[in-house]
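Visitor: These protein sequences, in sequence, are chains A and B.
The opening residue of the first sequence carries number 43 in the working numbering; numbering runs sequentially from there.
The opening residue of the second sequence carries number 43 in the working numbering; numbering runs sequentially from there.
Simulated from the structure, these hints should not be mistaken for laboratory data.
Some clues are possibly wrong.
In this list, chains with the same sequence are indistinguishable; a pair is considered to hold if it fits within one copy or across any two.
In silico EDC-like cross-links for lysine to aspartate or glutamate, where the CA-CA straight-line distance does not exceed 20 Å [what the hints assert, rightly or not]:
1) K63 / D333
2) K384 / E447
3) K68 / E331
Protein chains: 2
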Amino acid sequence: MSEPLRLGIAGLGTVGVGVVKIIRQKTALLTARTGRDVTISAVCARSRSKDRGVALTGYAWEDDPVRLATRDDVDVFVELMGGEDGPAKAATEAALNAGKDVITANKALLAHHGQALAELAEANGAALRFEAAVAGGIPVVKALTEGLAGNDVTRVMGVMNGTCNYILTRMEDAGLTYDEAFAEADGLGYLEADPNLDVGGIDAGHKLALLASIAFGTQVAFDAVDLQGIGSVTIEDIRTAADLGYKIKLLGVCQLTGRGLEQRMTPCLVPAISPLGQLTGGTNMVVLEGDHVGQIVLRGAGAGEGPTASAVMSDVIDLARGTRVSTFGVPAASLVPAKPAKSVTPAAYYLRLQLLDKPGALAKVAQVLGEAAISIDRMRQTAHDDAATAPVLIVTHRAAPADLEQALTGIAQLDVVEGTPVALRIEQP
Amino acid sequence: MSEPLRLGIAGLGTVGVGVVKIIRQKTALLTARTGRDVTISAVCARSRSKDRGVALTGYAWEDDPVRLATRDDVDVFVELMGGEDGPAKAATEAALNAGKDVITANKALLAHHGQALAELAEANGAALRFEAAVAGGIPVVKALTEGLAGNDVTRVMGVMNGTCNYILTRMEDAGLTYDEAFAEADGLGYLEADPNLDVGGIDAGHKLALLASIAFGTQVAFDAVDLQGIGSVTIEDIRTAADLGYKIKLLGVCQLTGRGLEQRMTPCLVPAISPLGQLTGGTNMVVLEGDHVGQIVLRGAGAGEGPTASAVMSDVIDLARGTRVSTFGVPAASLVPAKPAKSVTPAAYYLRLQLLDKPGALAKVAQVLGEAAISIDRMRQTAHDDAATAPVLIVTHRAAPADLEQALTGIAQLDVVEGTPVALRIEQP
Numbered sequence: 043m044s045e046p047l048r049l050g051i052a053g054l055g056t057v058g059v060g061v062v063k064i065i066r067q068k069t070a071l072l073t074a075r076t077g078r079d080v081t082i083s084a085v086c087a088r089s090r091s092k093d094r095g096v097a098l099t100g101y102a103w104e105d106d107p108v109r110l111a112t113r114d115d116v117d118v119f120v121e122l123m124g125g126e127d128g129p130a131k132a133a134t135e136a137a138l139n140a141g142k143d144v145i146t147a148n149k150a151l152l153a154h155h156g157q158a159l160a161e162l163a164e165a166n167g168a169a170l171r172f173e174a175a176v177a178g179g180i181p182v183v184k185a186l187t188e189g190l191a192g193n194d195v196t197r198v199m200g201v202m203n204g205t206c207n208y209i210l211t212r213m214e215d216a217g218l219t220y221d222e223a224f225a226e227a228d229g230l231g232y233l234e235a236d237p238n239l240d241v242g243g244i245d246a247g248h249k250l251a252l253l254a255s256i257a258f259g260t261q262v263a264f265d266a267v268d269l270q271g272i273g274s275v276t277i278e279d280i281r282t283a284a285d286l287g288y289k290i291k292l293l294g295v296c297q298l299t300g301r302g303l304e305q306r307m308t309p310c311l312v313p314a315i316s317p318l319g320q321l322t323g324g325t326n327m328v329v330l331e332g333d334h335v336g337q338i339v340l341r342g343a344g345a346g347e348g349p350t351a352s353a354v355m356s357d358v359i360d361l362a363r364g365t366r367v368s369t370f371g372v373p374a375a376s377l378v379p380a381k382p383a384k385s386v387t388p389a390a391y392y393l394r395l396q397l398l399d400k401p402g403a404l405a406k407v408a409q410v411l412g413e414a415a416i417s418i419d420r421m422r423q424t425a426h427d428d429a430a431t432a433p434v435l436i437v438t439h440r441a442a443p444a445d446l447e448q449a450l451t452g453i454a455q456l457d458v459v460e461g462t463p464v465a466l467r468i469e470q471p
Numbered sequence: 043m044s045e046p047l048r049l050g051i052a053g054l055g056t057v058g059v060g061v062v063k064i065i066r067q068k069t070a071l072l073t074a075r076t077g078r079d080v081t082i083s084a085v086c087a088r089s090r091s092k093d094r095g096v097a098l099t100g101y102a103w104e105d106d107p108v109r110l111a112t113r114d115d116v117d118v119f120v121e122l123m124g125g126e127d128g129p130a131k132a133a134t135e136a137a138l139n140a141g142k143d144v145i146t147a148n149k150a151l152l153a154h155h156g157q158a159l160a161e162l163a164e165a166n167g168a169a170l171r172f173e174a175a176v177a178g179g180i181p182v183v184k185a186l187t188e189g190l191a192g193n194d195v196t197r198v199m200g201v202m203n204g205t206c207n208y209i210l211t212r213m214e215d216a217g218l219t220y221d222e223a224f225a226e227a228d229g230l231g232y233l234e235a236d237p238n239l240d241v242g243g244i245d246a247g248h249k250l251a252l253l254a255s256i257a258f259g260t261q262v263a264f265d266a267v268d269l270q271g272i273g274s275v276t277i278e279d280i281r282t283a284a285d286l287g288y289k290i291k292l293l294g295v296c297q298l299t300g301r302g303l304e305q306r307m308t309p310c311l312v313p314a315i316s317p318l319g320q321l322t323g324g325t326n327m328v329v330l331e332g333d334h335v336g337q338i339v340l341r342g343a344g345a346g347e348g349p350t351a352s353a354v355m356s357d358v359i360d361l362a363r364g365t366r367v368s369t370f371g372v373p374a375a376s377l378v379p380a381k382p383a384k385s386v387t388p389a390a391y392y393l394r395l396q397l398l399d400k401p402g403a404l405a406k407v408a409q410v411l412g413e414a415a416i417s418i419d420r421m422r423q424t425a426h427d428d429a430a431t432a433p434v435l436i437v438t439h440r441a442a443p444a445d446l447e448q449a450l451t452g453i454a455q456l457d458v459v460e461g462t463p464v465a466l467r468i469e470q471p
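Chain A with its partners taken away, still in its complex shape (with noise of 0.2 Å):
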């Protein structure tokens, strides 16, 4: 039997806990899996005191992570900190630079420095391996480096964010507006410490912008990601969709066009009838395309202890097999640099204006849609008594994305209508 694979693991929250106990409990499983045994050198954390649940007898205590990273006895750093830069990052630096292979399930700190990280990890012959880092426990970075590799990926759409999915289902099926279901989930525990890395996209847009990067051998282009929060939809816009047979979703999107690479994480429209549309709470969903397999899905827990520490051993397994793939799935040298192209796919669009009672209003907005040449599907207007103003609904066929936004500029410089038009996607899985 080979020599044990000895981990370092920094950060001791829910995910490193958990990664603590499925070493513990399944020695011989493991054992059994990878040929040799996998064990625990040393764990750093903030506060060495604080009971987690879960025994670490035999395991040296490191206060900075950064020394635990470059210990002898250390063969893999786990890096479960969290953090885009800081500690995070140095720790992860550190470890690289002296060899050592390391695995994170940090998405903020690869989205923002990803590139410069394979890099390094290439130069020190280590392996950087980030599967937790991406829809939890689905083993979606796997599949797309490993088991669709066969492929020219055509398409990748998912939704990320287990927390945002949770908040649209329930203002879905419980009539919650977005504050009343935004405050349950912080309630139950669901929001990160910066709500807005939930609800703005940004922690759903870091796992897009890893994934375009091994589906189109591109370089991580976090900035480019075209990222809207879900904090502007509506119990009227999900009611209405639903009529319409659709649901919302923070769905991402990334595809490669002859114009560039597109990225978006917005709130769309996908048919009810569609894997996407039946997802409900929780739960986390990725769909992936090539040329050769077509579509494959995938759904699972994206979140919680269990999900995502399961993720971080397929990686330790992969590891301690000696399995070596590339970080993004090619040699980060050979990886280009994306042309971020503003999104140029058509789409059907959901519009909702606020349109005050007046004559002819309505042929006003008709009129710019017009214009724009963008065609009317569907419309609907609610009869709002003692109101001035109502709510107008339209689906539109589909148009350029450049055409729908002169259309909304145009529209909302008319002066019968209030306030600023909101504009969804109608996506087609």
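Fit chain B to the known structure of chain A by using the hints.
Guide: Relative to the frame of chain A, chain B by itself:
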């Protein structure tokens, strides 16, 4: 750059041609992703002169797959001929004996000889891989063997024969009889040369047996799969199931209980709103459940040139990258003999029987069920004018399979029942 990885491909049917196409089309991509060239040294098929729509120039031709498998210029033998014995087995053995890695899409071969072949591979330091043998393009072998390797798997379920799902979907959607839907599938070329491989559940049973081996570390035990085909499913069953909120699927289930390994491939009722229930047409779905990851659902094309070739290429790329994982996830010698268990996991059941129009007939059936400790959840007797018998449909509460069998035996012996009662499990995914 490393030396090229040189393939010898035996079998140039749909899948073989798909593999050749990908390797010819994606030379640069494969080199970028694996760090070496992936080439074809030689091919072999029944007819040399047949036009397959793909150029075979530059490849040596062998008439004998055993010769192909042992050529000096072949590193990996790709077996795409099919058949559980004969040339496929002989050539696979020859390749392994020569220390060459083998990739196969042949579920029948592995379902019958998987243990012996895995042992032979390991004795010769060779890899034996079979992603394409299960669920076509869905990377489920990889997900289970690698992605979920940090879990004790608790259950694996799946719809893994697209032809059966196509027939059942057409019966429901178009109101076809089983025979009509079968004929339609046959006309479309969806059926194997021996249709019983499909509709008898054998092909899907092969796949289930392979997944069970990986999931539970047991030796492949296809003979222990409880097999039942879809031939006895009627439109009436499908319609009644739909009324009750269920769909009928040829569903594979395997789980390890205290009594042993349960493996079933039988028509089942599943909730219409579950992912399995929503699966239509020829698509496959596999549900993996682990103690930490929870439930992972994978969905995609289960057959066809592109998807199956994509799965073969996943194995090719793994080998080119130097990834070495035991055939069934652990060394073959450590796979334990499966202790086959008759299904003991209780379930609700759907029963259909033909009752003579006699006073007290239904009471007799109810009495037999009661004596077997099975209680009735719902019951429906349909009136049939001018008929001496009427169909009775019963949904039971959860019952032990042994109790149900006792009840079925009792019911079949009643003088008020005509023919053999049909019983389908209701699975809760």
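Visitor: Now tell me, hint by hint, if it's right for this structure.
Guide: Hint check results:
In this homomeric assembly, K63 and D333 come within 20 Å of each other (Cα to Cα) only across copies, at 12 Å, whereas the closest approach inside a single copy is 40 Å. For the identical chains of this complex, K384 and E447 are intra-copy neighbours only, at 11 Å inside a copy versus 63 Å across copies, given an alpha-carbon limit of 20 Å. Taking CA atoms no more than 20 Å apart as the test, K68 paired with E331 passes between copies only; the shortest distance there is 17 Å, against 35 Å inside one copy.
Checked against the numbered hints given earlier, the structure satisfies every one of them.
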